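Visitor: Given next are the chains, with one letter for each unit.
2 protein chains.
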Amino acid sequence: MMADTPLHPLAHLVAPRSIALVGASERPGSIGEQTLTNLTKHSDFAGPLYLVHPKQTEMRGMQAWPSVADLPEAPDVALIVVPAAQVPRVVEDCAARGVRFAMILSSGFGEAGEEGAAAQDALVARARAAGMRIYGPNCPGLVNINLRLGLTFSPAYPEDLTSGPIGLATQGGGLGRNVLQAMERGIGVGLWASTGNEADLQVADFIDYMVDAPDIRVIVTMLEGVSDGPRLMAALARAAKAKKPVVALKIGKSDYGRKAAQSHTASLTGSAEVNSAVFREFGVIEVDDIDELADIAWLLARATPDARDGLAIYCGSGGTAALAADIVGTSGLRLSTFSEDTLASLGNDLPSYAAIENPVDTTTAVLADDSLTERTLQAVARDPDVAMVLVPNALEYGRASALQARAIAEVQEKVDIPILPIWMSDRLGEGYRHLVDTGFAPPRSLGKAIAATRRWVEYGKWRTAAGDLPATNHIAPADHAPRALSEVEGKSRLNAAGIRTLQSALAGSREEAIAVAERIGFPVVAKVASEHIAHKTEADGVHVGLADADAVGTAWDRIVAGAGRMHPEVQIDGALIEEMAPSGGIELMVGVTRDPVFGHILTFGLGGVHVEILRDVTRRLLPLDRPRAEAMMREIRGFALLDGARGRPRADVDAVIELLLALSRFVEAHADTIEEIDLNPVWVGPQGSGAVPLDALIVAREPRS
Amino acid sequence: MMADTPLHPLAHLVAPRSIALVGASERPGSIGEQTLTNLTKHSDFAGPLYLVHPKQTEMRGMQAWPSVADLPEAPDVALIVVPAAQVPRVVEDCAARGVRFAMILSSGFGEAGEEGAAAQDALVARARAAGMRIYGPNCPGLVNINLRLGLTFSPAYPEDLTSGPIGLATQGGGLGRNVLQAMERGIGVGLWASTGNEADLQVADFIDYMVDAPDIRVIVTMLEGVSDGPRLMAALARAAKAKKPVVALKIGKSDYGRKAAQSHTASLTGSAEVNSAVFREFGVIEVDDIDELADIAWLLARATPDARDGLAIYCGSGGTAALAADIVGTSGLRLSTFSEDTLASLGNDLPSYAAIENPVDTTTAVLADDSLTERTLQAVARDPDVAMVLVPNALEYGRASALQARAIAEVQEKVDIPILPIWMSDRLGEGYRHLVDTGFAPPRSLGKAIAATRRWVEYGKWRTAAGDLPATNHIAPADHAPRALSEVEGKSRLNAAGIRTLQSALAGSREEAIAVAERIGFPVVAKVASEHIAHKTEADGVHVGLADADAVGTAWDRIVAGAGRMHPEVQIDGALIEEMAPSGGIELMVGVTRDPVFGHILTFGLGGVHVEILRDVTRRLLPLDRPRAEAMMREIRGFALLDGARGRPRADVDAVIELLLALSRFVEAHADTIEEIDLNPVWVGPQGSGAVPLDALIVAREPRS
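Residue numbers (this note's numbering), protein chains in the order written: chain A, 47 to 751; chain B, 47 to 751.
Quick caveat, the hints were computed from the structure, so don't treat them as lab data. The structure presented is a predicted model; accordingly, all values stated were derived computationally and were not measured. Check each hint, because a few of them may be wrong.
[Unchecked claim] Straight line, CA to CA, 30 Å or less: simulated DSS-like cross-link-like pairs of lysine-lysine: (1) B:Lys305 with A:Lys507; (2) B:Lys101 with B:Lys87; (3) A:Lys305 with B:Lys507.
[Claimed, not checked] Example chain A residues on the side facing chain B (calculated, C-beta under 7 Å, incomplete): (4) Thr383; (5) Arg490; (6) Met626.
C-beta atoms are modelled at their ideal positions from N, C-alpha and C, and glycine is treated no differently.
Can you make the complete structure from the sequences, with help from the hints?
Guide: See the structure below:
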């Protein structure tokens with residue numbers, strides 16, 4: 047860290063100047079002994095290490111103190127490995143002594159039923175009062191591999207000491223260590239925080255720390271649940287502003303996963319769709335499997351992508367080249383078009399039966415001439431349309447594979463763009479090991495490699511195009527029960543917010559209904575008006591295309607009868623008499639919900655079957671700005687329908703954007719009360735004819751008027 | 047093979063009684079020498095091996111003959127490794143001498159331009175005349191690992207000798223050998239045919255062979271192109287009838303892949319959608335990446351799935367269990383519900399903080415007690431709702447991982463259902479090696495393992511439910527250019543085939559149009575009638591809702607004017623005056639195309655945006671039978687729309703099925719002439735109200751009438 051940069055609040059946790067180990071032990075195999083061994087034998091810690099033990103005064107030639115209270119100074123970190131029952135007393139001592147960070151590895155707290163949770167809450171309260179932060183409990187600790195410091199009892203720690211530019215923040219331990227073990231492919235994780243129960247410090251805090259940490263270039267996280275959405279969003283926003291990539295695996299994409307994660311961590315997992323939408327807002331690169339974390343993180347550590355998206359495939363087997371090209375295509379990626387120079391150079395060097403257009407199939411000709419791989423691979427890598435070269439290798443072929451690996455490494459030294467060798471064989475020979483040793487970390491399969499490539503290219507595009515980040519809007523809900531406003535009330539509020547709805551008025555009697563209809567002009571629609579009837583159709587409460595006074599009268603009668611039949615206990619306000627929706631056009635749906643973790647989210651999609659059955663929707667955090675509103679519309683699969691596909695008239699997309707922005711402003715102005723808005727359908731006509739919500743449901747936390 | 051079973055036509059190619067090696071050599075590193083070494087040093091071949099060399103009379107202590115003509119007997123197989131220029135003379139000798147199979151490894155034929163292709167055609171013609179079959183050319187040969195016989199020059203052959211129940215048929219060599227190298231995970235491939243240019247024998251012929259081969263339990267294939275669809279379908283049908291699983295990777299799912307495969311093999315790759323539809327018809331298990339071939343093949347070799355689909359997850363890490371459960375859910379698979387007995391047994395054995403409901407999180411308690419894994423894993427595997435147990439392991443943890451691997455292997459000995467350990471770490475320790483040695487072939491990642499599991503479960507369902515296989519219908523097209531029939535003609539043919547269309551008649555004049563409309567009854571539709579105008583709307587040729595004689599007259603005028611403007615050179619037949627389509631209902635599309643590889647294919651989907659933009663369609667080979675017609679309807683994403691989703695009336699699905707079957711019979715009866723049928727839209731109303739094509743385009747190979 048630069049000398050003139052203020053220290054991050056967690057700096058002395060991640061790189062403490064002094065440490066107390068509470069629960070140090072010499073008993074072989076005990077937690078206390080393993081932690082002591084990690085700190086002394088396997089760490090390069092130069093500052094004072096205070097051992098705390100109730101009886102022993104000396105351990106392994108080092109002095110020991112009976113309690114934290116007795117220490118000659120307040121250490122930055124107290125590493126606590128005593129049984130749960132003794133933890134409260136130790137935390138009390140730490141708080142009293144002025145310890146900055148209590149790192150509690152012990153389990154038996156929030157994860158262990160109500161009693162444990164209460165004990166955990168008490169620890170947090172005590173620490174907060176003293177200005178002390180808590181890490182854990184119920185975690186394996188923190189390892190700062192770049193500093194060679196293991197604040198952990200794990201016997202595996204000394205085996206996982208490949209330093210590197212990746213920072214890892216996880217809740218659980220097992221999956222986190224899995225990422226560390228990717229060092230076997232040459233992947234270096236420089237820092238791992240495993241936050242366990244997150245009584246106080248959370249994954250989000252370590253993401254925030256790593257945004258500033260100069261030794262960390264890529265932040266990787268694994269989440270089972272998010273307990274504090276705003277804190278996570280704030281950290282992600284800082285990372286996005288610093289353009290430091292964040293890669294995330296979030297459990298909870300299916301009901302099974304949500305249920306298992308909840309029972310494992312007792313934290314809210316939330317909706318996967320909302321979660322992914324929030325990730326996308328901040329450019330977070332989401333993956334689906336744990337090995338994919340390492341693949342994309344390492345690619346990002348090797349090279350920062352920009353807007354270029356051309357990929358080259360370079361291969362010595364025609365079938366392998368074709369398979370790689372096939373997967374590139376199904377992944378929606380683009381193969382580069384080589385320049386004339388590149389083609390001429392390849393044509394000169396390769397035999398006539400080789401394929402010199404992308405994908406390049408050198409044929410086995412390169413096996414006979416060591417320098418040929420170097421020359422031709424370099425020509426490909428220097429092509430101006432190439433952002434990355436994929437070198438899939440289907441086979442371990444002894445000396446030939448080793449020579450190829452050597453050539454790849456040498457070309458990589460000379461070119462700026464990344465070369466990604468893919469080792470497809472289960473047989474790992476000398477060539478594989480050379481690729482690992484020279485920092486390529488070959489992905490485990492063609493499909494996984496191309497998945498990583500896709501994420502790299504997409505991140506490059508996001509990074510280049512990135513505009514304003516969303517302001518986050520987590521306003522605490524007002525202290526009233528949510529209730530549905532009537533349609534009349536809802537529409538009138540929307541009108542006040544600048545959102546046009548159809549001309550309409552409430553009629554309280556049969557005669558008034560006819561009079562209103564005559565004023566608006568036939569045909570009209572009549573709908574039951576009652577805040578108690580949310581599903582109007584089921585109550586025979588919607589009548590369209592009423593062409594004259596008689597039809598309006600009949601509709602009134604049926605509305606009254608229908609409401610009485612379905613909801614005998616409620617009074618209706620009357621009937622809403624409304625201008626007929628324009629014919630033609632397309633139906634959309636626009637919704638707003640308050641996510642318990644992330645706040646207000648806007649959902650947009652085509653209406654009817656598209657949303658109900660095909661689930662073709664997209665989401666954004668509110669408030670919305672124009673570029674994000676435009677982007678979200680283009681994300682739905684059915685956007686072509688709005689955009690004038692197949693000779694259809696182009697819909698009034700601008701009017702839809704204005705509607706979304708006005709709705710966003712409306713929610714922002716009433717963020718404490720708005721719980722849900724459902725504009726479904728919203729009618730949009732051809733360009734110039736506008737976008738109009740035909741129905742509006744607003745649920746707000748308001749006192750009954 | 048049983049003594050009383052007739053030999054398969056390829057039996058003496060795959061297991062020859064005698065072999066001639068033409069081009070044998072003693073020059074170290076030459077193709078002839080490598081092949082000789084493979085046949086003598088690395089094969090257990092007991093029959094006579096005749097070496098053919100123009101000059102030498104002896105090689106490595108064996109007699110050599112100057113030509114095939116001089117051999118004392120006609121060998122089953124002549125293995126030909128001479129340069130391309132000498133191959134025609136050798137094939138001539140082989141044909142004359144009565145050799146059964148000429149296996150040509152040499153390249154320089156079909157893959158090497160027009161001259162090579164002509165030379166290849168000549169070889170085939172000569173062989174055919176003599177009743178000799180050709181394997182290759184341009185291929186690495188054939189290896190029968192179960193017999194330990196390498197008919198190949200490959201220096202890698204002696205390293206890939208793990209026999210096993212998997213049979214592999216590929217076109218190219220590189221990707222095929224990649225599957226062989228999966229032996230490093232313990233996967234045994236017993237036979238590999240790599241058919242190269244497929245001048246005569248094709249991948250399909252080896253699939254056909256392996257259906258009968260008792261040493262092959264799972265057939266695996268990798269295809270870049272299909273040159274003979276009926277031959278492939280016949281082989282797949284035999285495999286399906288024998289219930290021997292076929293796993294396939296077909297290149298050509300994207301344009302890039304199709305183009306690369308075409309340039310590599312010069313074979314037709316066809317449409318990926320059609321190809322996948324054909325695979326599904328025969329229960330072929332399609333994969334997306336080459337490592338997935340080995341994963342699913344080995345799972346099928348280990349255990350045959352049935353209709354059971356309950357999966358258990360057994361794990362010592364809560365986070366890993368949750369991630370596995372999550373991916374199981376997003377893959378559409380089902381987690382088992384454990385019986386009371388299973389829960390009681392797990393509850394007894396595991397600590398209170400373990401999760402005993404599926405997914406099981408044993409916690410690290412099992413590390414302290416070796417027998418605990420065995421007891422609890424066995425309890426899970428014996429649960430009646432469990433078809434497979436997934437055991438994801440995130441970490442290499444030294445001795446603990448080794449003990450767990452041992453326990454898994456021991457439990458597998460005792461239970462009938464498969465246990466699938468998943469080794470998620472990049473670190474491969476003793477535990478991994480024990481799993482490999484005991485035959486588990488752990489997949490490379492959680493995602494890949496669950497992808498294999500999904501395919502295993504789906505194959506089990508197909509195998510259990512499998513009804514009649516499709517009759518294949520590859521009828522050569524008639525010798526006329528295809529032409530579009532007029533709508534009148536098209537509808538009249540459909541009516542004759544028992545497919546109801548709307549009441550309609552052709553009107554040749556303005557007056558006649560009005561008269562017809564009065565006869566049918568208003569409102570009517572008027573459409574331009576001309577076989578030259580395929581896109582009627584663009585020619586202002588479609589007018590709907592014509593309510594009276596005046597409206598019909600105006601429509602006539604516009605049709606005539608529109609046709610004249612768009613197609614000044616053509617004469618129109620007049621206007622088709624038609625009954626208005628019933629209102630409400632849902633629009634479908636039904637199409638038939640003649641695929642150049644596989645014959646007539648029927649495509650079904652919801653109409654309009656569903657097919658045009660969302661591509662929500664499904665396909666079947668014709669002719670269709672009732673169960674397959676029913677199944678295909680249920681496959682589209684939007685089926686819920688037909689099935690009465692969200693309070694909609696259920697559509698007349700039975701009428702749609704009758705329509706599909708009638709259309710299938712119609713195509714079958716005119717298989718030589720029908721090129722394309724497009725019924726779009728087809729109107730379907732609520733149950734009982736029928737399904738009616740509103741428009742019909744038929745393209746047929748018929749002489750102009």
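Visitor: Hint by hint, note whether the structure agrees.
Guide: Here is how each hint holds up against the structure:
1. B:Lys305 with A:Lys507: Distance ~27 Å between lysine 305 of chain B and lysine 507 of chain A Cα, so the pair holds.
2. B:Lys101 with B:Lys87: Holds - the C-alpha atoms of lysine 87 of chain B and lysine 101 of chain B are around 23 Å apart, at most 30 Å.
3. A:Lys305 with B:Lys507: The given pair, whose Cα atoms are some 27 Å apart, holds under the 30 Å limit.
4. Thr383: violated, 12 Å
5. Arg490: At 5 Å from the nearest chain B Cβ, arginine 490 of chain A passes the 7 Å test, so the hint holds.
6. Met626: Constraint on methionine 626 of chain A not satisfied, violated at 17 Å.
Checked against the numbered hints above, the structure violates hints 4, 6; every other hint is satisfied.
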